[in-house]
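Visitor: Residues per chain, in single letters:
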Amino acid sequence: MEIKGEQDFNGPRELLYELLLDPDVLSAALPGVERFEEVAPETYESTMRVGIASVRGTYTGRVEVLEQSPPESYRLRIDGSGKPGGVRADATVELSENGSGTTMHYRADVKARGTIARLGGRLLGGVARLLIGQFFKSIEQQVDDRAA
Amino acid sequence: MTIADGPALPKLIGERVKRREDPRLIQGQATYVDDIKLPGMLHLAFKRSDIAHGVITRIDTSAAAAMDGVELVITGTELADHLGPMPIGTPFPAPDHFSVATDKVRYVGEPVAVVVAEDRYIARDAADAIEVEYDELPAVVDPEAAMEADSATLHEGFERNIAVESYWGGTGVNPETAQPEDDSAVDAAFAEADVVVSQRMLNQRLAPNAMEPRGVVAQYEPGREYLTVWSATQNPHILRTLVAAMMGLGEHQVRAVAPEVGGGFGCKINIYGEEYVAAALSRLVKAPVKWIEDRTEAFLTTTHGRDLLGYIDLAAKSDGTITGLKARIIADIGAYEVLLTAMIPTLTGLMMNGVYRLPVVRHELTEVFTNKTPTDAYRGAGRPEGLYFLERAVDMVARELDMDPAEIRRKNFVPADEFPFATQSGLVYDSGNYEPCLDKALEVADWQGLLAERDAARAEGRIVGVGLSFYVEVCGLGPSAVVPTGGWEHSGVTVERGGKVTATTGASPHGQGNETTFAQMLADHFSIPLEDITILHGDTGVVKQGIGTFGSRSQAVGGAALISAAGKAGDKMKQFAAAMMTDQEVSPEDLVFEDGRIQVEGAPEVSKTFAEVADYAYVPVPLPPGMEPGVSEEAFFEPENNTYPFGCHISMVEVDRDTGETKLLKLIAVDDCGNVINPLIVDGQVHGGLAQGIGQAMFEEVVYDEDGQPVTASFMDYVMPRAADLPVFELDRTVTPTPINPLGAKGVGEAGTIGSTPCVVNAAVDALAPFGVTHIEMPLRPERMWRIINEGEGGQS
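Chains as they are written, first to last, in the numbering used here: chain A, 167 to 314; chain B, 49 to 845.
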């Protein structure tokens, strides 16, 4: 399935670009993250706890950051799995200036397996939106903190 | 004095006797597999693939094995030392298929390892703790793309994923060369036709969804070298044969028991990997083991049904006379061939002659492997697919010619005086009389009134349609020449002391009501009360021989065996009775069973009670010359042909313009299944069949995404028909007995699923015809209907 959307932030895109690829920031912003560490250049490993309905569980995953083109765009390759199944995603993030701040465009092609896949569009889209919303809220806070 | 003044016993055959099975079933007093608990019993859980296609590169069972309460963790490779590839029951070439995958996984849900633990919770947790890594391969999901040269392939030696290819047409295939002979007659028929309809139709994949999932308990007793397997199966004798072979045991060392079985619908014919694994692991761990399928596993691993894609062409003259049929069928059989997988789609072509005189037929069938759950029989097994394709196409011709759908069928019927009738596909229909059945259906439905009602509704702006279908199907499987397991059935009848009767049948029921119908038959045969009769089944330790229950064979084959055994037992009872009445010079030929007595016909005063004679049979002093004590007889019945029941279904639907929802307003089913033993049970079989046939037309569909991930693996996503979705069915019948068995009964288990599906879709197409459609794919999802309505209206404005 495809997940895509856009989100406006107040700060300049250079700041946003930096924050979005900072392991400490991400660790704080990603909901339920218990561990987020750089294991190789541009490669991170993470343990994340999701507490929603039948996809509840602890997931371990690997994130690779590819095709970095600061401050405009980058690509993420994500592979995570836990008891309820697994997710593989290929995501692109583009940042553009919108006059008063930065607009982030994101698009991810998500392939799920196990229970997660079987719940499919009925649950996965909603869970993703919820988690992404929490993530943006936290990033927004950090942008505002830095900008202040 | 030998006159018994017992009450006159009413004849029970043909009566609506309530099922004797039901009180225990609805009061929770029945014993299913999961109710079986043995001392020291361990529990199995399967680690299953969560990808559709890939090579196993690593399995780490160490964490699972270290858990408290875990007895054993075993991978497919390790298990292959104990269990070879699973047997199949068809003559087609098949790739090796292990109970637990050894090197490669080919569908989501395929087992890769097994845990044996103290309880099922520990077993499941341990299975979750097994780590498996795969080298993922592209998933083969679309059966047509699967046959392309650039597709990934599932099995070595099966190029382009093709499992089976068959062809026949025109003047048929030359048996010497197996090559098609000249079938230019087919092309000529189409060239000369006034009207040709051509339609690609999908008869979608379905999940059988028996109320009780699968389950097995296996107990190998090393001291006795004896294995007992309890399983939710339709055919314990076939289970015994195959488990014995897989375990290297003789059939004398294996007892298979089907306790109460909560529905089968064809998906419990196959003998599954879990059954072999349970047997093998019980021997390995020296303890009884149990495995009970959960509902998600049932969606993922119990065989699916249908999934046939048809390219159908039907030719006709302008007066509606059908002149030729071409069918190119692609069967998506999933990842492996299991017991009857490859045979099921062959029934589709065999039955596509329908009830019509078809001058020429060309039939091509390709069965294709994909990364999906294997398919096998599902209620109707091949016939619903064929009759759906045919009855949709006939309807399309009628629409093209603006003919009444009833009249085009009447015009092409095989006439009553042409039976037995040999079809283009090589079958011989035993008996048939189609026109009275059609007339009765039209009368019960008030066909003209229904059309008027539809037109009146349309005038009000409502979207209403009526549909009709006429099916013929094949029941009473055998004979042995066409059923690899043997096509006979077995029965035993024992008259006990006190004149009670115990009978056995190899037709192992799981909802068919044999305990009632078979008792009705014996009650009439011996003229004793129903309560004096017990029917035993489902246990190879009790039922000496048997084949099982599938293909609507319980009555037509199993019932015939019962009556044959009862005849033998009755003869012996008469001989004992005659011996008791030697002073009255009675010979056995003069005796009849009447109201609990064995009496000289027409002379009730010259009689012995059934009970007296039974008692004498077991203490035969003196023993009549040439006789053995006791009355316990058995019989095998081998049918010489199948039976071909038929029927006409009529329906009316309304589609909601705003939501696209289809509501089934009426369903009339007039079925002819030959002689009827118990009309209540026949009605019940028809009701259940209709619900499942309507379910296919309107609701049900197994869906995989492009990676081979099943997305309909729960009742949240797989829509089952519910009571509120169904109208009150209007049922009736005609009776055309079969000459194939002494009962004249044909079989009715699958009828409802065969007639109703095309009938409902025909009605839906009729409803939406004003929007320009000539065909609608199943299921009739609201979204699909809404789009037709809105795009149709958009197109017209």
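Hints may be right or wrong, so weigh each one.
Stated by the list, open to error - Below, a list of computed lysine-lysine pairs in the DSS-like style, where the Cα atoms sit at most 25 angstroms apart:
hint : chain 1 : residue 1 : chain 2 : residue 2
1    : A       : K249      : B       : K152
2    : B       : K152      : A       : K277
3    : B       : K488      : B       : K714
4    : B       : K459      : B       : K488
5    : B       : K59       : B       : K85
6    : B       : K548      : B       : K488
Stated by the list, open to error - Covered, in the sense of this in silico footprint (three residues per stretch, anywhere, with C-beta under 8 angstroms from a C-beta of chain A), are these stretches of chain B:
hint : stretch
7    : 747-757
8    : 761-770
Hint data in this document are derived by calculation from the structure and do not stem from the laboratory.
Glycine residues also receive a C-beta, built at the ideal position from the N, C-alpha and C atoms.
Visitor: Now, for every hint given, state plainly whether the structure supports it.
Guide: Here is what the structure says about each hint:
1. Distance hint between K249/A and K152/B is fulfilled; the C-alpha atoms sit about 21 angstroms from each other, no more than 25 angstroms.
2. Between the alpha carbons of K152/B and K277/A the distance comes to roughly 21 angstroms, so the proposed pair stays at or under 25 angstroms and holds.
3. Note on K488/B and K714/B: the hinted pairing holds, with a Cα-Cα distance of about 16 angstroms set against a maximum of 25 angstroms.
4. Annotation: proposed proximity of K459/B to K488/B holds, straight-line Cα distance about 16 angstroms (limit 25 angstroms).
5. Between K59/B and K85/B, the direct Cα distance comes to roughly 42 angstroms. Violation of the 25 angstroms bound is thereby established for this hinted pair.
6. A distance of roughly 42 angstroms separates the Cα atoms of K548/B and K488/B; the hinted pair therefore is violated under the 25 angstroms criterion.
7. Counting residues of the stretch 747-757 of chain B whose beta carbon lies closer than 8 angstroms to any beta carbon of chain A gives 3, which reaches the threshold of three, so the coverage claim holds.
8. With 4 residues carrying a beta carbon less than 8 angstroms from a beta carbon of chain A, the stretch 761-770 of chain B meets the three-residue requirement, and the given coverage holds.
Consistency with the previously given hints fails for numbers 5, 6, ordered from lowest to highest.
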